[in-house]
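Chemist: Sequence:
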Amino acid sequence: MTQFRPCIDLHQGKVKQIVGGSLNDKGAKENFISEYDAKYYASLYKEQGLLGGHVIALGKGNKAESLEALKAYPQGLQFGGGVTARNASEFLNAGASHVIVTSYLFENDEFSWDRLDKIKRETGTERLILDLSCRRTNNGWSIATNRWQTVTSTAVNKENLIELADHCDEFLIHAADVEGLQSGIDEDLVRLLGEHCTIPVTYAGGARSIDDLQKVHQLSNGKVDLTIGSALDIFGGKGITLEECIHWNKQHA
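Be aware that the sequence shown starts at 319, since it is given in my numbering, and climbs by one per residue.
If you're looking for bench data, these hints aren't it; they were derived computationally from the structure. All clues stand as given, with none of them false.
Have a look at the derived ranges for each label pair, beta carbon to beta carbon:
{"hint": "1", "residue 1": "Q393", "residue 2": "I564", "range": "16 to 24 angstroms"}
{"hint": "2", "residue 1": "Q366", "residue 2": "G554", "range": "13 to 21 angstroms"}
{"hint": "3", "residue 1": "S501", "residue 2": "Q330", "range": "19 to 27 angstroms"}
{"hint": "4", "residue 1": "K568", "residue 2": "K436", "range": "35 to 43 angstroms"}
{"hint": "5", "residue 1": "K389", "residue 2": "Q330", "range": "16 to 24 angstroms"}
{"hint": "6", "residue 1": "N405", "residue 2": "F429", "range": "16 to 24 angstroms"}
{"hint": "7", "residue 1": "R433", "residue 2": "N539", "range": "31 to 39 angstroms"}
{"hint": "8", "residue 1": "E561", "residue 2": "D427", "range": "41 to 49 angstroms"}
{"hint": "9", "residue 1": "N539", "residue 2": "D432", "range": "30 to 38 angstroms"}
We treat Cβ as the ideally placed atom computed from N, Cα and C, and that holds for glycine.
Make the full structure from the sequences, and use the hints.
Modeler: This is how it looks when you write it as structure tokens:
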């Protein structure tokens with residue numbers, strides 16, 4: 319059954335909601351900057367019993383906040399953002415249930431099986447999440463790295479979803495073209511994930527109301543979970559409340 323999954327997005331040391339496709343070295347278009355720190359949100363999610371959420375560090379200057387969040391909700395949050403084979407164990411030891419990896423898996427914009435093997439030796443498949451965040455192309459979707467600015471040649475398709483599922487515990491997939499826009503989910507992508515993912519998968523991008531939880535549930539036959547960011551009241555949104563999401567999860571547990 320489709321579940322709501324919470325998030326904490328960190329940019330320049332602050333909890334923010336941004337337009338994903340705008341992120342670059344100079345900054346990003348911001349939808350919301352919170353007056354609260356990452357520890358506050360981690361504690362809130364822990365108090366409400368919300369599972370499987372993620373902390374994403376978008377660029378530099380976010381490590382201290384990330385570690386505080388993981389400390390506040392040990393084993394309750396996943397961590398992503400600059401994760402490599404060299405530092406993965408640090409975040410797992412700090413309290414992350416899993417680490418999330420994308421850009422490290424690519425060398426010269428090509429997928430590296432060698433790097434995947436290296437990080438698996440540090441995490442095991444059971445504590446590794448592959449972030450297959452992507453952009454639309456003429457042929458479907460391709461994984462986007464480097465803060466979603468570099469579109470690689472690795473497609474998000476049936477074959478790759480099935481093959482990569484053997485190497486991790488979950489997938490996390492941001493639809494970068496609609497991330498932060500509250501313009502509706504990428505229905506075709508959600509349908510594809512529901513058809514071909516054999517492990518847990520969380521989709522993020524474009525959600526704007528409780529109806530999107532129902533829509534993801536229907537399109538994926540309940541196999542895909544949904545992260546809601548900018549539309550959520552705790553991030554300044556007006557489309558859906560955290561209370562509604564918690565109620566949904568309880569109804570569809």
